[in-house]
Structures are given as C-alpha cells and as structure tokens.
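Top to bottom, those sequences are chains A and B.
Mapping to UniProt numbering: the first sequence position 249 is 249, numbers consecutive.
Mapping to UniProt numbering: the second sequence position 164 is 164, numbers consecutive.
Check the hints yourself; a few may be wrong.
[Claimed, not checked] Chain A regions said to be covered by chain B (calculated; three or more residues, Cβ under 8 Å):
#, region
1, 192–204
2, 219–227
3, 249–260
4, 394–402
5, 519–530
[As the list claims (entries may be wrong)] Some chain A residues near chain B, calculated using beta-carbon distances under 10 Å:
#, residue
6, G92
7, N109
8, A276
9, I388
10, L436
11, I446
12, A450
[As the list claims (entries may be wrong)] Below 35 Å or equal to it, Euclidean Cα-Cα: the simulated DSBU-like pairs (lysine-lysine) are:
#, chain 1, residue 1, chain 2, residue 2
13, A, K191, B, K65
14, A, K468, B, K360
15, A, K191, A, K368
16, B, K384, A, K468
17, B, K45, B, K96
18, B, K342, A, K368
19, B, K342, B, K251
20, B, K45, B, K251
21, A, K299, A, K197
22, A, K39, B, K342
23, A, K538, B, K251
24, B, K344, A, K191
25, B, K251, A, K468
26, B, K386, B, K360
27, B, K344, B, K251
28, B, K386, B, K251
29, B, K96, A, K368
30, A, K354, A, K191
31, A, K368, B, K360
32, A, K538, A, K468
33, B, K174, A, K197
34, A, K468, B, K386
35, B, K174, A, K468
In short, the hints are calculated from the structure, not lab data.
We treat Cβ as the ideally placed atom computed from N, Cα and C, and that holds for glycine.
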Amino acid sequence: MAPPAGQMRPGRYLAFFALIVIALYSLVLFTGDGQPRPKLGIDLQGGTRVTLTARTPDGNEPSRESLQQARSIIETRVNSIGVSGAEVVVDGSNLVITVPGEEGDQAKNLGRTARLNFRKVVQAVPAGQQAPPPTGQPNQPPSGEPGAGQPEGEQGQGEQDQQGGGGAPAGAQPAQQPDNNDGAIDAETAKQIREAKEQRQNPELVPADPQDQAAAAQAQQLQQQALATLQCSESDPLRGNDSPDLPLVTCNQDGTEKYVLSPSFLPGDQISQATANPPQQGSPGWEVNLEFDSEGTTKWGEFTSANVGERAAFVLDTQVVSAPNIEVAILDGRTRITGNFTQGEARDLAEVLKYGSLPLSFTSSDAKTVSATLGLSSLEAGLIAGGIGIGLVFIYCLFYYRILGVLTVLSLFLSATVVYAVLVLLGRWIGFTLDLAGVAGFIIAIGVTADSFVVYFERLKDEMREGKTFRSAVSRGWVRARRTILASDAVLFLASAVLYTLAVGEVQGFAFTLGMSTVLDLSVVFLVTHPLVALIAKSKTLSSPKLSGLGAVQRLGADRRQTKRVGPAVKEA
Amino acid sequence: MAVEEPEKTGESGKNGQPEPGPAKDSVLQRLYTGTGAFDIVGARKRWYAVFAVLIAVCIGSIGIKGFSLGIDFVGGTQIEMPAQGTGGEITPDEAKEVFSGALGIPATEAQQVGIGDAAAVQIRSQTLNTAELDQAKRALFEQLQPLGVNGQPTVDAISDSAVSSSWGGEISEKALIALGVFLVLVTVFLALYFERRMAIAAVVALLHDVVITAGVYSLIGFEVTPATVIGLLTILGFSLYDTVVVFDKVKENTRGLLGLTRRTYGEAANLALNQTLMRSINTSVIALLPVLGLMVVGYILLGSGTLQDLALVQLTGMLAGVLSSVLLATPLLVDLTMRDPKFKDQAQRVAARRANLARKAAAGRTEDDLDTTDDEALSAELRKEKAYAAAASVPARTPKASQKAPSAAPKGKPTGKRKR
Chain A
1 MAPPAGQMRP GRYLAFFALI VIALYSLVLF TGDGQPRPKL GIDLQGGTRV TLTARTPDGN
61 EPSRESLQQA RSIIETRVNS IGVSGAEVVV DGSNLVITVP GEEGDQAKNL GRTARLNFRK
121 VVQAVPAGQQ APPPTGQPNQ PPSGEPGAGQ PEGEQGQGEQ DQQGGGGAPA GAQPAQQPDN
181 NDGAIDAETA KQIREAKEQR QNPELVPADP QDQAAAAQAQ QLQQQALATL QCSESDPLRG
241 NDSPDLPLVT CNQDGTEKYV LSPSFLPGDQ ISQATANPPQ QGSPGWEVNL EFDSEGTTKW
301 GEFTSANVGE RAAFVLDTQV VSAPNIEVAI LDGRTRITGN FTQGEARDLA EVLKYGSLPL
361 SFTSSDAKTV SATLGLSSLE AGLIAGGIGI GLVFIYCLFY YRILGVLTVL SLFLSATVVY
421 AVLVLLGRWI GFTLDLAGVA GFIIAIGVTA DSFVVYFERL KDEMREGKTF RSAVSRGWVR
481 ARRTILASDA VLFLASAVLY TLAVGEVQGF AFTLGMSTVL DLSVVFLVTH PLVALIAKSK
541 TLSSPKLSGL GAVQRLGADR RQTKRVGPAV KEA
Chain B
1 MAVEEPEKTG ESGKNGQPEP GPAKDSVLQR LYTGTGAFDI VGARKRWYAV FAVLIAVCIG
61 SIGIKGFSLG IDFVGGTQIE MPAQGTGGEI TPDEAKEVFS GALGIPATEA QQVGIGDAAA
121 VQIRSQTLNT AELDQAKRAL FEQLQPLGVN GQPTVDAISD SAVSSSWGGE ISEKALIALG
181 VFLVLVTVFL ALYFERRMAI AAVVALLHDV VITAGVYSLI GFEVTPATVI GLLTILGFSL
241 YDTVVVFDKV KENTRGLLGL TRRTYGEAAN LALNQTLMRS INTSVIALLP VLGLMVVGYI
301 LLGSGTLQDL ALVQLTGMLA GVLSSVLLAT PLLVDLTMRD PKFKDQAQRV AARRANLARK
361 AAAGRTEDDL DTTDDEALSA ELRKEKAYAA AASVPARTPK ASQKAPSAAP KGKPTGKRKR
C-alpha cells in the first residue's frame with residue numbers, strides 16, 4: 001500500500017482520508033432522515049426485548065422457512081397491539097422482538113403458539129386426585145386432597161398466562177424445573193416430548209372402528225393408564241407440539257379436568273374472525289367469539305349435527321380451553337369459547353387466533369423491559385466510560401510519546417469520527433442497533449486501536465536504537481510495523497468475525513463493533529497516522545528529541561554509531 | 001504493569017546479551033530503550049513451574065468450587081428500580097418486603113447497586129408470569145414511589161427481565177462452538193503466517209489464558225453471565241494479538257540464524273522479548289486503561305451488568321494474556337525449536353565459538369551485535385560465515401567443522417561489516 005521509502009506523499013493519503021470522511025458525513029446528513037444519530041438498542045433507550053427460542057418436537061433446528069413464517073405472524077401480532085417502532089428479527093433459531101419506549105409489556109404475550117384445534121371429547125374425568133405438580137415453586141400450596149383442585153387450578157391458570165406471557169407455551173417450563181440441566185436442554189426436551197407423545201398420543205387410544213371389541217377394550221385400558229399417569233402441571237412437555245391427527249390425553253387450562261380426545265376434526269386456521277366479548281349474564285368471564293371460513297363452517301356444522309349431546313373440546317396449545325356440551329347443531333359457523341377469561345386474556349386469545357398460529361412453538365428465553373431511566377443511565381455510563389477510557393489513553397500517550405502521543409490522540413479522534421458516521425449509516429441501512437454490549441466493544445476497541453500506534457512507534461524506536469535518524473527510521477519502521485499491525489488486526493478481526501457468525505444475542509453486537517473498529521483502525525493507521533508521522537519527520541522543529549521524547553533512544557543510536565566507528569579504529573591502532 | 005518490573009529485576013543482566021547502552025541504566029530506562037537484557041528464556045523452567053502451579057490451582061478450583069452462575073444460567077426474574085423514591089431512599093430490605101407482601105413469594109435476593117443518583121435496587125426471584133410481574137411492579141410503585149427520569153414517580157421507572165435457565169446455556173454452547181472454530185482458524189492462520197511451532201506455542205499460551213481467567217472467576221466467585229462468556233472469547237483475540245507482536249520480532253531476529261554462530265535461537269528469542277517488552281507493556285497498559293475505566297464507571301453508575309461483566313473478564317484475561325505471551329509463549333517456542341537437531345547443532349557451534357573467543361580474548365573487544373533486521377548486514381554476515389566454512393574446507397553444518405570455523409577466522413581480517 002505504501003510506496004517505497006522516500007516516495008511517500010503524506011498529503012495524498014490525508015486527502016484521501018478527508019474525502020472518505022466527507023463522503024461518509026454527506027451520506028449521514030443528506031440521505032435517509034438526515035438525523036446524525038445511531039440507532040440505539042433498548043438497553044440504552046428503554047424498551048422491551050423478548051427473545052423467543054424455537055422449540056421443535058425432535059430437538060432439531062427449525063427450518064428457515066417456518067422461522068420466517070413465525071416472524072411475519074408475530075410481526076402482524078406486534079403491529080396489532082399498536083406500538084410504534086417495534087421490530088421482529090430472526091437471530092439464529094431465535095426470534096427477537098424489540099419494542100422501544102414504554103408500551104412494550106404486551107410484547108411478552110406475543111410468542112404464544114396459539115394452535116387451536118377442535119377435538120371431540122371421548123372421556124373426561126376430574127383431576128382432583130392429582131399429586132402436586134413438580135414445579136419446585138415454594139409458593140405453591142401442596143394439593144394432596146381433592147378440595148385443593150380449585151386453588152391449584154388458579155395457579156395453573158396463572159401459569160398458563162405466563163406461558164402466553166413469556167411468549168412461550170412450552171417455554172417457561174424449563175425455567176421452573178429445578179433439575180433442569182443447562183446445555184442439554186434440547187435433547188432433554190426432545191426426549192420428554194417423545195415420551196409424552198408415545199403415551200398420550202397413542203393412535204390406539206381411540207379405536208378407529210367402534211365395532212372392534214378387542215380394540216375398544218385395549219383402548220379402554222390405554223386410556224385409564226394415560227389418565228392415571230397424566231399430571232395436570234403447567235410444565236407439559238407436549239404443549240404446543242401435539243399432532244392434531246392423533247388422539248390426545250390432556251388437561252384443561254385450570255387443571256381441574258382430564259380428557260381423552262379424538263383426533264382433531266377442525267383446525268384453528270379455518271377461523272376467519274375472532275373477537276373478545278364481555279361476559280354474558282351468568283357467565284363468569286369474558287369470552288371469545290369465533291367465525292369460521294366456509295370450509296370450517298361446513299365441518300363445524302357437520303360435527304355439531306352429528307354429535308348433539310356430546311362435548312367438543314377447544315384445544316389451545318395442547319390444553320383444553322373449554323369443552324362445552326353441544327346442545328344444538330351450529331350451521332352458521334359462529335361459535336364462542338368460554339374459559340374464565342379476564343378481559344385481557346380474551347383479547348389476547350382473540351388476537352392470536354385472528355392472526356394465525358405459529359408454525360413453531362417458542363420458549364421465552366429472555367424477556368426484558370428496561371425503563372427509560374435505566375436506559376439513559378446506561379447510555380450515560382457507556383459514554384462516560386468511553387470518555388474516561390480515551391482520556392486515560394491520551395494522558396498515557398502524551399506522557400510517553402509526547403508529539404507522537406498528540407498524533408495518537410488525533411488519530412483516535414478521527415477514528416471515532418469515522419466510527420460514528422458508520423454507526424449511523426449502518427443503523428439506517430441494515431438496522432444495526434447499538435446496545436450496551438456494542439458500546440463495550442467500542443471502548444475495548446480504543447485500546448486495540450491505540451495498540452497499532454504503539455506497535456509503530458516502538459518500531460521507530462527500534463530503528464533509532466539501531467542508529468538510524470528519525471527520518472530514515474520512519475519509512476523503515478513503517479514497513480515492519482505494517483506487517484505486525486496487519487497480522488495482529490487480522491487475528492482480532494478473525495475472532496470478531498467468528499463470534500459474530502456463530503454467537504447469539506448481545507454477543508453479536510459486541511463482536512460487530514469490535515470487528516468494525518479493527519477495520520476502521522487499519523484505515524486510520526494507513527491513511528492518517530503514518531502520513532502524519534512522515535510529515536513530522538520532515539519537519540526539523542517537530543522531530544526534535546525534546547518534542548518526540550525519543551532523546552534516549554536517539555542518544556543510544558548515536559552512541560552506537562560512535563562505537564562502531566571508534567571501536568575498530570582503536571583496535572587498528 | 002508495574003507489577004512485572006520487580007520480578008524481572010532479579011533476572012536482569014546475567015546473560016550474554018549485548019548491552020550497547022550505559023551499563024548502569026535504571027530498570028525503567030532499560031525497559032524504555034528496549035535494552036533490558038532480562039533473561040526470560042534462560043529462566044524458563046522457573047516460569048513453567050509458576051504457570052503449572054497457577055493452572056493446577058485454577059483447574060482445581062473450577063473442578064471443586066465451580067462457578068457462581070448469574071441469572072441467565074439459573075433462570076428467574078430480576079426487577080430493578082431507581083433507589084430514589086418520593087419518600088426518600090429505598091432500601092433493598094424495604095423492596096424485598098414489598099415484593100414478598102405483594103406476591104406471597106419471597107424474593108431470593110435484594111441488593112443496592114450503583115451509587116449516587118444512579119443507585120438502583122435489584123430484586124431477584126423465581127420466574128414470574130406476566131400477571132405476577134405486573135402485580136409486583138404495581139405494588140413496588142405504589143408503596144415505594146421510585147422516581148423516574150423526570151423526577152416524577154412512575155411505574156415505568158421499574159425495569160424487569162425474565163430469563164429462562166436455558167438461555168445462558170444456549171449462549172455458552174454457541175460460545176464454545178465459536179471458541180473451537182476460532183482456535184482451528186487461528187492455528188491455521190498462525191501456521192501460515194509464522195511457522196508450525198509458533199502456532200503451537202501461541203495456542204498453548206491462549207489456552208492458558210482461558211484457563212487462568214476461568215480459574216480466577218471460579219476462585220474469587222465473580223458471577224458468570226453471558227457477557228462474561230463473550231468477554232472470554234474476545235480475550236482470545238487480544239492474547240494472540242500480543243503474542244503475534246512478540247513472535248513477529250522473534251521471527252525477524254532469527255532470520256538466517258542457522259548459518260550464523262553469533263547467538264543461539266534461545267538468545268535471539270530472548271533478545272526479541274527484550275526489544276518488544278516495552279511494546280508489550282505499553283500495548284497492555286493502553287488496552288487495559290479503557291477497560292479499567294469501563295469497569296469503574298460500570299460499577300459506579302450501573303452497579304453491575306453487561307459493561308462491568310465484560311470489563312472484569314477482559315481485565316483478568318488481558319493480564320493473563322500479556323504475562324503468558326511474554327513468559328510462556330516465547331519460552332515454549334524456544335523449547336519446541338530446540339528439539340530440532342539443526343538448532344541444537346547451531347547452539348553447539350555458538351558455544352564452541354564463544355569458548356574460542358574467550359580463550360583468545362586478550363583484546364577486550366566483545367563481539368558486536370548483528371542487526372538481523374538489516375538485509376545488507378545479514379547477507380554480508382552470512383557470506384562471511386560461509387567463507388569461513390569454505391576456508392576450513394569442511395561443510396559448515398557438521399559440528400566438528402563448526403568448532404574449527406571460528407579458529408579459522410583470521411583475527412585481524414577486515415569484515416564486511418565495518419563498511420556499514
């Protein structure tokens with residue numbers, strides 16, 4: 001990159017750099033919204049961020065396609081709650097929902113799978129005798145006796161909300177299991193799901209042919225077995241992952257009843273409209289009114305005509321929301337779900353039913369609301385830390401390298417200028433948001449950026465110690481330093497790139513800013529620092545030992561020249 | 001890095017390094033000018049022992065004591081609010097009480113973080129659902145009235161985060177994969193850029209840094225968060241960065257070494273270490289200063305969190321990194337290299353030549369330093385050595401010949417070097 005020693009034209013490099021800066025800032029000021037502000041993450045400006053991790057029945061990575069589909073459905077749900085500036089992005093096998101500002105709390109409810117299925121109730125038993133669910137929650141009253149079913153049910157209801165709330169039907173459960181092992185979560189969950197499926201979705205639970213006596217007897221036995229082992233705890237591994245075309249043994253939402261259900265006869269995606277309505281007289285809670293599309297209407301009509309007097313179960317994410325008796329055939333495709341809903345719950349349910357169910361079930365891995373106050377103080381802390389970091393480096397460099405230290409300061413300043421512009425532009429172009437980890441990346445990069453100068457300056461000293469003048473040391477030292485700088489920056493960049501590609505969440509922001517700083521550091525060292533050092537070397541005043549602080553090594557070099565000349569002479573004599 | 005200096009003073013000045021500068025320079029002066037002559041390579045056995053003990057302690061601690069894992073690994077809910085309320089300062093105990101009173105669930109932990117205006121109270125508990133969280137936040141707001149950004153009490157001043165226990169595990173798993181990939185890539189890079197032995201030495205030093213940092217975390221009981229895991233990974237970059245700088249100089253100093261009898265590989269490496277010592281120290285100081293700032297500010301203003309976690313792990317790792325690149329990586333490189341018979345022979349030749357010189361040393365002119373960075377001087381020197389070998393009419397590489405080689409050099413013969 002640099003021309004051979006002696007032909008260096010510092011002016012050209014500096015002009016080129018100036019051109020880059022001007023170009024960057026023209027882009028910043030005259031494109032997009034013209035606001036020279038980088039996009040801030042919610043931990044710096046306040047807001048809510050929910051990370052949903054996809055959870056597949058077999059523990060494999062979810063397909064790109066279904067993730068994208070889930071993303072767009074969640075995006076619709078986000079928009080429907082009417083917050084502005086919300087974003088849903090796919091990050092590995094995670095979906096990250098970001099809602100800036102103070103209205104993001106609802107975003108925590110958006111990840112529920114909401115897979116609604118209509119199944120026929122084959123058998124229903126009260127769930128009073130169940131053992132306390134293995135949740136490990138100290139607050140949970142032990143419910144050994146039948147009478148405890150109701151409070152227990154309340155709890156179950158609460159937990160269900162949280163499932164939706166945490167954004168994850170199956171989701172929050174791992175968190176509640178004390179014996180949960182980190183790392184092995186996927187395999188472990190997959191195993192649990194498989195086992196639950198074997199027992200509770202056995203095709204022989206409901207015989208296909210009602211006339212087959214042997215099959216019916218066997219089914220009876222299987223049903224009893226499944227019902228006996230089923231625990232109505234909220235940590236149902238199967239939740240959101242049941243197969244609609246198989247029978248299902250499950251509980252209702254408040255854990256008071258257990259059911260054996262037939263395969264689904266009508267899927268929830270044949271719902272065309274869902275609304276939340278206030279409770280009717282005599283009913284305890286809000287209800288959700290549904291309208292089916294034409295196909296759904298036909299199926300619903302057929303089923304209700306054929307099964308008057310029987311019960312139909314509305315199964316949401318593997319749990320029975322309500323299981324009303326069919327009193328009369330419903331042919332107009334309208335029906336309602338009751339389930340002790342509060343207004344909010346009914347509205348949420350209606351929203352998710354209307355906007356479609358997710359193709360994957362999600363676990364809420366990380367749900368965070370940062371208050372604007374905390375965000376602001378984080379931003380402040382980041383800026384102050386950066387300021388102090390730069391300040392300390394300045395002082396050290398000025399003390400140690402004097403005039404070269406001034407160069408360091410100047411170069412760091414220019415580097416910061418470029419970094420800022422790039423930040424703003426990246427925020428605009430690829431939606432890059434600067435979060436706390438990113439800020440830390442920049443602050444740590446200050447040291448790395450300054451290192452390049454140290455490498456160069458120490459090289460200069462090396463050369464001068466060998467007896468060269470400042471001026472000739474500059475070009476020779478540069479050639480060597482350049483190699484070292486390139487190699488070490490390459491290593492650092494490699495580290496950042498690997499981290500960025502393979503890591504998730506905050507790690508990426510950190511790796512991105514660190515890697516970006518490394519690249520920009522190179523441009524500043526090549527285009528600014530080296531030309532400026534060359535300029536200094538040309539000037540007599542500036543390169544005086546007093547200013548450069550290189551007196552000691554210069555003397556050393558001079559001594560050395562001296563001994564080289566004198567030594568042999570003495571010998572000869 | 002002042003810590004290092006006293007350690008090294010004891011090592012100084014006892015090897016045969018050329019010392020062109022005035023002999024009585026202070027340690028600092030010698031550091032500054034790079035003429036330190038600290039014999040690090042010579043004392044490498046001692047360093048190995050020190051590092052072995054350190055690593056044993058760290059691994060032992062990790063094995064026995066384990067880590068104290070943050071909320072991201074154990075799961076749970078954390079609520080944070082400003083410690084200033086309309087009714088004066090909010091103490092962690094008050095907050096804990098309000099929390100338990102509102103939910104009937106005891107809070108696991110409540111603590112105050114940060115100081116001054118930025119002080120905040122953090123409450124940790126088991127994972128709460130949305131309704132419970134709402135209830136807790138409302139109760140905290142109503143009873144404690146934390147002040148928001150505009151000085152008015154507001155419920156929005158309360159932050160919360162709920163993490164599943166698998167999240168930290170997931171981040172760590174990915175981080176470990178990243179670590180593996182990085183190690184492979186960087187070994188390939190180093191092997192291409194330097195040589196295989198250097199790549200091995202650098203990676204060993206790197207592993208040392210990781211183990212030491214993890215060990216320090218385990219020993220002191222710092223909380224491990226995903227940010228820590230991330231920080232650990234970036235240390236790798238830094239540790240190698242430092243090693244690359246040192247090895248670059250070693251590589252340069254050992255060019256054409258095999259054809260010369262001036263110094264052994266170990267001595268050349270030690271010289272390189274000395275020449276880059278100040279650079280290593282400066283590099284580390286400059287890299288550590290912002291990190292220190294980050295940590296202090298992070299602690300004072302935010303109490304804890306991403307900033308501080310990242311800073312703490314970087315601080316530990318960078319210290320380990322700079323120590324290992326100087327005291328471990330280079331000595332290791334020397335040992336690896338000295339297994340090569342070619343270098344062993346060369347070391348013998350050097351010894352032989354020295355013995356010879358010492359015998360003949362009536363006139364006190366010590367051998368002068370050869371600047372291996374100077375291509376002209378280097379090739380002149382190489383030519384000269386070849387000529388000596390030819391004059392002895394035996395190939396230079398056999399030990400016997402090399403023993404003769406120095407004696408074959410006519411004493412007063414002008415060398416090409418003088419013209420320099």
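Hints breached by this structure: 1, 2, 3, 5, 8, 17, 18, 22, 24, 31, 35
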